[in-house]
Structure formats: C-alpha cells, structure tokens
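K.L.:
If you read the sequences in order, they're chains A and B.
Just so we're aligned, residue 8 is where the first sequence starts under this note's numbering, counting upward by one.
Just so we're aligned, residue 436 is where the second sequence starts under this note's numbering, counting upward by one.
Think of the hints as simulated: they come from the structure by calculation, not from any bench.
Every value quoted in this text rests on a predicted model; they were computed, and no experiment measured them.
One should not assume that every hint holds.
What the hints assert, rightly or not - Which chain B residues face chain A? A few, computed with CB under 10 Å, are given here:
no. : residue
1   : G510
2   : G513
3   : M572
4   : G579
Stated by the list, open to error - With a cut-off of at most 30 Å between alpha-carbon atoms, the simulated DSS-like pairs for lysine-lysine come out as follows:
no. : chain 1 : residue 1 : chain 2 : residue 2
5   : B       : K503      : B       : K462
6   : B       : K624      : B       : K559
7   : B       : K612      : A       : K268
8   : A       : K17       : B       : K548
9   : B       : K465      : B       : K503
10  : A       : K268      : B       : K648
11  : A       : K113      : A       : K157
12  : B       : K628      : B       : K612
13  : B       : K548      : A       : K268
14  : A       : K103      : A       : K70
15  : B       : K645      : B       : K625
16  : B       : K503      : A       : K268
17  : B       : K548      : B       : K625
18  : B       : K548      : B       : K612
19  : A       : K76       : A       : K125
The beta carbon of each residue, even a glycine, is placed where N, CA and C say it ideally should be.
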Amino acid sequence: MCGIAGIVYKDGKLHNIGNDMTNMLNALQHRGPDSAGFALYGGLGLKDDEYILNIQLENNSKKLLRTVKDEINMVSPIESDKLMFTTENSCLYQCKIQLDEFNMLKPLIQDVDSIDDKVVVINGEHGFQMIKDVGSVLDIADNYDTRSIKGTHGIGHTRFSTESGVDLYHAHPFQTYILRDVSLVHNGQITNYWKVRDALERKGHIFETNNDTECLVHYIADKISTGYSLEEALEQSVENMDGPFSYIVATPNGIGIAKDKLGLRPGVMAENDEIFAIASEEVSLGQVIDTSEVEQIYPGEVRVFEI
Amino acid sequence: MANEIEIDASSLTPRELNSKIKEYAKKFDKIIIKNPGAEHYLVAGLVDDTSIVIEGSAGYFAGTMLDKGNITINGNAGWFVGDNMTSGEIVVNGSAGDGAGQGIYGGTVVVRKGVGSRTGEIMKGGTVIIGGDSGFMTGIFMMGGRMIILGNLGADAAESIIRGEIFVLGDVQSLGKNAIIIDITDDDKKELKEILEHYDFELDDEDYDKFTKIIPESARPIYGK
Chain A
8 MCGIAGIVYK
18 DGKLHNIGND
28 MTNMLNALQH
38 RGPDSAGFAL
48 YGGLGLKDDE
58 YILNIQLENN
68 SKKLLRTVKD
78 EINMVSPIES
88 DKLMFTTENS
98 CLYQCKIQLD
108 EFNMLKPLIQ
118 DVDSIDDKVV
128 VINGEHGFQM
138 IKDVGSVLDI
148 ADNYDTRSIK
158 GTHGIGHTRF
168 STESGVDLYH
178 AHPFQTYILR
188 DVSLVHNGQI
198 TNYWKVRDAL
208 ERKGHIFETN
218 NDTECLVHYI
228 ADKISTGYSL
238 EEALEQSVEN
248 MDGPFSYIVA
258 TPNGIGIAKD
268 KLGLRPGVMA
278 ENDEIFAIAS
288 EEVSLGQVID
298 TSEVEQIYPG
308 EVRVFEI
Chain B
436 MANEIEIDAS
446 SLTPRELNSK
456 IKEYAKKFDK
466 IIIKNPGAEH
476 YLVAGLVDDT
486 SIVIEGSAGY
496 FAGTMLDKGN
506 ITINGNAGWF
516 VGDNMTSGEI
526 VVNGSAGDGA
536 GQGIYGGTVV
546 VRKGVGSRTG
556 EIMKGGTVII
566 GGDSGFMTGI
576 FMMGGRMIIL
586 GNLGADAAES
596 IIRGEIFVLG
606 DVQSLGKNAI
616 IIDITDDDKK
626 ELKEILEHYD
636 FELDDEDYDK
646 FTKIIPESAR
656 PIYGK
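Model the full assembly from the supplied sequences, consistent with the hints where possible.
P.N.:
Here it is, written out as structure tokens:
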C-alpha cells in the first residue's frame, strides 16, 4: 500500500518541517509498517561544495570504519563526522566532505560501497537531509531527532513492502545522482520497469537496486537534466510509465506529484496562502492544513509547487 | 428532542468506535461523532434505523454495508463512501475520493461537492448524487440504479455499463464502451426535480432541460443481443 506525503511552505523560509512531516507520516502509518523516511530540504546550510554522506555499517567494527574513512579521505578530507545508530542498532556513520564537482559524488559512493558487503552508502546529500530507517514513523523520528529539523519543503513515506527487501537502504525516499538533491517517494508498482531502466542505462545512468522507485527518480532527473521542467518531466512519466502509481518528487525548488492514468493509487492535496500539501489521504493533510477544501488528484494528473 | 448521544472518537480505534455505535444505535435515535480524524471504516455495518452525524472528515469506506440508518458527514469522505450499502442514506457535506457509492444495492449517497474517479462502480441499485464533478470511468460496470452528476463527467463515462442510468448536468468528456446518450424525458425531469429538491440542490427550471442521460446500448454487450 504505502503512504506518501509532501509539503511546501510558500514563503520559502525555514519552518518546523521535521515536526510537520513527522505528524503527516504518522497519520499514514497504517498504510505501511515496514519502514519510513523523510527528505527535508533547505535547512542543512552547507557551502556550495560541501556534502554529507550517510553510511551504514552493519557491524560496529573499528577497522571497517577506519577503512571507510581512509577511502573517503583519499578523495576529500573529512571536515566533521559523527556516529549514530539505526533503529535496529547497526552503525550509521555520517561525515561532511568537500568536493570540487557534484559529479565526483557518485564515484566516491561507489568506491565506499565496494569496500565490504557490510558497508552501504545510504545517500550523499547537499541541500536536503535524508532520514530513513525500518520501523515506525515515531520511532524513527525519535531516533534521528527529526522533529527539530527546519526546512522549506520536504517529502516522506511509510512503506508497505511489496518488492525488494525491508531494510534501511530500500526504505524511501530514493535519491538520484544524475542531478543534485533530487529525491522521490512512491506508492505503487512500475510494471514496465525493465523497459524504462534499459533506456536509462543505455544513457549511462547507474542503477544500484532493482527497485522501481530508483528507476522513477533517475527517470525524472534525466528528463530535468535534458531541459524539461519538473511539471513536464512528471507529465512525461505519466505517458511512459505503466502500472499503478502515485509518487512525489522533490527538487531543491519544490515538490510535485504524478498519478497513473487509471488513478489506481490515491492522492489528495490542499493549499492555502502559506502551505501546499499533498498526501495519500486526507488524514495526513489534516495534520498541517485545514481540510475543508481537499482536492482529488485525478488519474494521469500532475501537480507541482515550486518556491 | 431526539434521544441522542455524543461520542468522542479521538482516542478510539475504528473497531472500538464501530462497536460503540452499534451498541448505542439500539438505544438512541441520534449519535454524534466528534473528532473522527478522517479514520477509515467509520460506521461500518450499521443495521439500525439511527441518525449518525460525523462532525469532521471520514476516511475510506465510510458507511460501508449500511442498512436502514442515515449518516451525515460534515466534512469530506475518502475512497468508497457507502460501499455496498443496501438501504439508508449517506450525505457528505464536502467532497469525496474515488468510488463513491461503489457497489450499492439500494439507498442514497449524496456528495455535495466533487468526487474522484469510478463513482458508482458496479452499483446495482439505489441513487448516487454528486454536486460537483465526477472523474474517470464514473459508473464503470454499472448494473443498476441511477446517478445524478451536477458537474462535469470525466473520460470513459459509464464504461461497460450493463443497466442503470446516469444524468449529467455538465459536460461529458467521453463515453465508455456500451454507453450511449439519449434525450431525457419529462418524467425524468420530474424525477430529478423531486429528488434534487429533497436534498436542497437549488437548480433553475431551465437547468433540468440541460441534463444529459447516459444508458447502456445493450444489456448483453458481450454475449449477444
């Protein structure tokens, strides 16, 4: 089933997005108990060439952590770092690095990923914070102090797994490295996945999983990188993707939703002068906005709000 | 004054709330539900002739399998409001999601504003009234009953309709298979006026001339005449 939600504060200023998104996702907990995640934009405040890597180490091996740090330091000196623990008590290493070019990020992630099977780079971020884990929304929010995070816009997900594993890596959001800071949450299945993936791989885009959500986020980033607006990219996806789906994509500028042509997955939205909000169900919208005027997202429809 | 009681739903699961409603429905004429929180399955399976007022929005399957009672939702409803109801009445004083009146056998579902897609899918009887637009494949596999849409109808209206009729005041984007448009009769207009006035929809007399009526072209579109 899965639950998806997104919010934009129209004034472009920092708001309590961590708290709002936690409440929105908690209201969608019944749609997916396996894992949950957030992509919260605007509050990280990094310099233009700074990035944060989130790396999961399945065991708390000091030797393995040292190897990871050495690998990263060969490309960029680690500016700062910290160790956290996931909800299942594995080690989550977070470090801030500096890269001259964004296109150095993906090769670095691949290098770190190849160190050991027990090392998985969850993501590399610049303009947003990716928080995702297995378990309930509230447990994850508590574990990562999500409620304290400020931001301008964001998306989130509660997962009911139907394909691929239930683990931190396969929790949504998914991120692409075709463009900086594009992430996506998804409710549904892309049934022509291999056909879409094949075309993207022929263009040189790298897939890390067999998950259809990864395919979607690469697809959207590929479209935007070739000149489409976010809205046009979403419209193209409705034409090119088969299967039941409803997904929300976030960029540094805003969020957008697309729904399959048969409208087989839900989506509702509401907005006022301050907020634009989207979710799978009204119960989620009601956490952040008056829901007396809820709009249905119709089959094949896309909606976008950019700051 | 009616014999009525109020339930605060804020700390109840849908199952707990529905159990209370069934218990109180045997003792009270009217039950007011506060803080429904857009939860799913509200007032599922009510079989007593009781008035239920939901003060706020309901989630999916509000009033599913209703028989005899009447439900007023002073908010919106999610997907499948009134699903499989057999008699009674549900009035949504807001909008609703997909599948409003799905599979109803009897009774009336009224939504004051617009609804999502596949309204009245596989309905077998009863009446569905939508005050605004209704989306894609409204009336898909409809097997009886009538629908009245005061706004516009989305694409593939009445897809594979077998029996029943859909009256539309606005535009019809396109028809589905086995659906045709015919002129409405004076009896149809009288019937529409009667039921719409009953539910406080205010239309001018000339509006009734503007309705389009959609019916099945054949009762046996797949296996022959």
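K.L.:
Are the hints correct? Go through all of them and say.
P.N.:
We went through each hint and held it up to the structure:
no.: 1; hint: G510; result: 7 Å, holds
no.: 2; hint: G513; result: 6 Å, holds
no.: 3; hint: M572; result: 8 Å, holds
no.: 4; hint: G579; result: 24 Å, violated
no.: 5; hint: B/K503 <-> B/K462; result: 15 Å, holds
no.: 6; hint: B/K624 <-> B/K559; result: 22 Å, holds
no.: 7; hint: B/K612 <-> A/K268; result: 18 Å, holds
no.: 8; hint: A/K17 <-> B/K548; result: 27 Å, holds
no.: 9; hint: B/K465 <-> B/K503; result: 13 Å, holds
no.: 10; hint: A/K268 <-> B/K648; result: 26 Å, holds
no.: 11; hint: A/K113 <-> A/K157; result: 27 Å, holds
no.: 12; hint: B/K628 <-> B/K612; result: 29 Å, holds
no.: 13; hint: B/K548 <-> A/K268; result: 23 Å, holds
no.: 14; hint: A/K103 <-> A/K70; result: 20 Å, holds
no.: 15; hint: B/K645 <-> B/K625; result: 13 Å, holds
no.: 16; hint: B/K503 <-> A/K268; result: 37 Å, violated
no.: 17; hint: B/K548 <-> B/K625; result: 23 Å, holds
no.: 18; hint: B/K548 <-> B/K612; result: 27 Å, holds
no.: 19; hint: A/K76 <-> A/K125; result: 15 Å, holds
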